[in-house]
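Going line by line, the protein sequences match chains A and B.
For the first sequence, the UniProt record's numbering gives the first residue as 1, with consecutive numbering after it.
For the second sequence, the UniProt record's numbering gives the first residue as 1, with consecutive numbering after it.
Hints are computed from structural coordinates only; laboratory data are not their basis.
Since we're looking at a predicted model, the values are computed, not measured.
Keep in mind that the hints are not guaranteed to be accurate.
Computed cross-link-like contacts, EDC-like style, restricted to lysine to aspartate or glutamate with a CA-CA straight-line distance of at most 20 Å [claimed, not checked]:
(1) K115/A x E220/B
(2) K318/A x E220/B
(3) K64/A x E220/B
(4) K295/B x E326/A
(5) K219/A x D209/A
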Amino acid sequence: MSRAIDPDTAAKLKSYNLKPVYEEVVQALSLPTEGLLEIEILKEFHFPEGHNVLKDGHAIAVSKLGLVQAFLVAKSRLEWWRMERFLRSDDEMFDVTFVILLFDPEHLTAANTRKVIVQEQLETDKMDPRKILEREKRAVDSLLTSRLHRHTKSPVLWSHRRWVISQYATYHLPVDVLGDIKSAVCVAGERHPRNYYAWCHARFLVNNDTINNNIDRGKLLEVVETWCALNHTDISGWSFLSFLLDFNKDVPEAQAQNSGVIANVLGRVDALRLSNESVWVFLRTLAGAGAMTDEAYAWFREIQKGLLETETTPAEGKAVLRKAVEWCETYRGRN
Amino acid sequence: MSRSMWRRVQHPMDKHCSRYHSVTILPISGSCLSTGRLDLDGGAALQPQSGYIRSSTGNGGSTSVLAWDFNRTQLKTDHLSMTDTFQQLPEVLKLATSAHVKYIQSLDTRKDEYDYWLTEHLRLNGVYWGLTALYLLGVPEGLPRSETIDFVLSCQHESGGFGAAPGHDAHMLSTVSAVQILAMVDAFGELESRGKGKAQVGKYIANLQNRQTGTFAGDEWGEEDTRFLYGAFNALSLLGLMHLIDVDKAVDYVAACANFDGGYGVSPGAESHSGQIFTCVASLTIAKRQDLIDKERLGKWLSERQLANGGLNGRPEKKEDVCYSWWVLSSLEMIGKTHWIDRDKLINFILQCQDTEKGGISDRPGDMVDVWHTLFGITGLSLLGYPGLELVDEVYCLPKSTITRIFGP
């Protein structure tokens, strides 16, 4: 989508009549009482004359031009608020900052403004912290899980989510780690492949001692292993699976769980004749780090040999396979 | 035909263990388009056994080099005329220097474009990217110095930190860009006289260190990322204020971010990523702790980033992207393994990512240009010895001339 604006459109941006567009967009983006918004940004021709939004339940489409116009209004309201806080209510500022973040997911100041307001609300003790935080989580998750290419991977938005979760911990509210990984991380990970910050967030959730004490290691492994099977070219998913195999690996059931996962993966690689880089980097790192039993390692070598000898394995795949064995032979047993 | 051959040497005066003399044997017929990158001080003592190389510069960009052959049994002399060689390239495969200069200079004038509004959150970073590119293109006066300084100082908060633009919250990343810009235009004096002063900037950065773990947050809201640790090392060392932080603890943290696959991530146990690798390796280089790096293993991981088309990606199975010409290449440079990738192919790839008419460089051929990719395409070419470019410092991503001015030769 071109970033340049034609003179006609530029003229529309200068119009003083941006306020009705802002109101229209904000109205459409109001968070429902439960669930997430599914937001898309589309070119103008999708919309009837004079309209900037389409709404169908939780699904919202905003026109690109409408969003730019709304952003210009929101931007100036944020600037005024920073000078005179009392000019706008909290709810109005949530609207302002949501529009800004929808336009620009890396707008740190808008995200920080939300933190300031949420924190103040939490500290006044007048509202239920659970309600405040749950609403904020749904707002950021709506941006993180929608079909918005830049938002799904935005470090600013993922950091905002991290902060919201850390407030859950501060106020002793439970966090459904498995649920959050499924509903936020896996979805964003699918919308934006190799989503570095999404999977960093998953590690944060799992590692966070104050929220993770109910974590079901086996179930989590199952969810992530399935995700990796459906997205086998995604190195971030595989990398997180490696992380999970290492997580709490000293608990009694861990060894059996790990063996199960590795066997499933090897079985799938064998059956589907997978020779792509992400899978084999995952396998060679596990093998090299000594995370495979001797039996699993022997099977790994057998599969590799078989794929190398198969004519239909692409040349790039064969290079990947050779490198994999070379690499783990070098590092297997080393620190 | 002899292939590109690099010899990593260590300059006896090198403070950062990062400078090297690299030489390529280039057949005079010019069909092998390898280039060498030479630090033209001409004064290094020749120590054949340890691989030192002396270079001397002729006029018009031609150089004579003494180079090793593979068996180190013989010194060869080749007369290289890099300028001549590159003049034989077809039009499309040359660097469109003046177009890129014009593109960068025009960026601030595009206030009507959607893109301008979309990027306000990184305006100060954008100035750093554009200015560094201009310096490397040999046009340091390309952006007006005093207006640049005015803009930078207008982004500074009481805390000493800088936001991305006036009215934006302070953050480590924009603070680092501010320091880098002021370093380049030699304006630390103005920071003292008209800004909040170096000490205040140092205090802002130092306060972001997590004294338990050693890493750094980006701002008061606590996101931790090795990018911010590197930013702190970069800015504080330029300001001469490293003593304000616990360097050893930070170094320990970086070491803990090393993964079994050889790479580094955003925090211990995180996925290996070329960008994070750069921040970790550069941090360890600034702290003179490269001894903590498993260079073989890391070099292997980095060398696997090169794809068939010559471009580099950031992680396995990702697409090539010109910006990895910086993150991957500078990392390889710092650990002395640049010869582990095919440099000719990378040069060709970067050149194909240009918009030779309107200027600018994009992530891959045919895509829209932006100033980020313009900078990192140019820094990649500079690291690869492309003629006509100023040298870039692989640790600081600033012109070598700036680093020499601040730290001495």
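Is K219/A within 20 Å of D209/A, Cα to Cα? OK: K219/A and D209/A at ~18 Å, within 20 Å.
Run the distance test for K318/A versus E220/B: straight-line Cα separation, threshold 20 Å. violated (49 Å)
Would the hint linking K115/A and E220/B be met if the CA-CA limit is 20 Å? Given pair K115/A, E220/B holds - Cα atoms ~11 Å apart, limit 20 Å.
K64/A and E220/B were given as a pair; does the straight-line alpha-carbon distance stay at or below 20 Å? Roughly 33 Å between the alpha carbons, so the hint for K64/A and E220/B is violated.
Does E326/A lie within 20 Å of K295/B when you go C-alpha to C-alpha? holds (17 Å)
Checked against the numbered hints given earlier, this structure breaks hints 2, 3; the rest are met.
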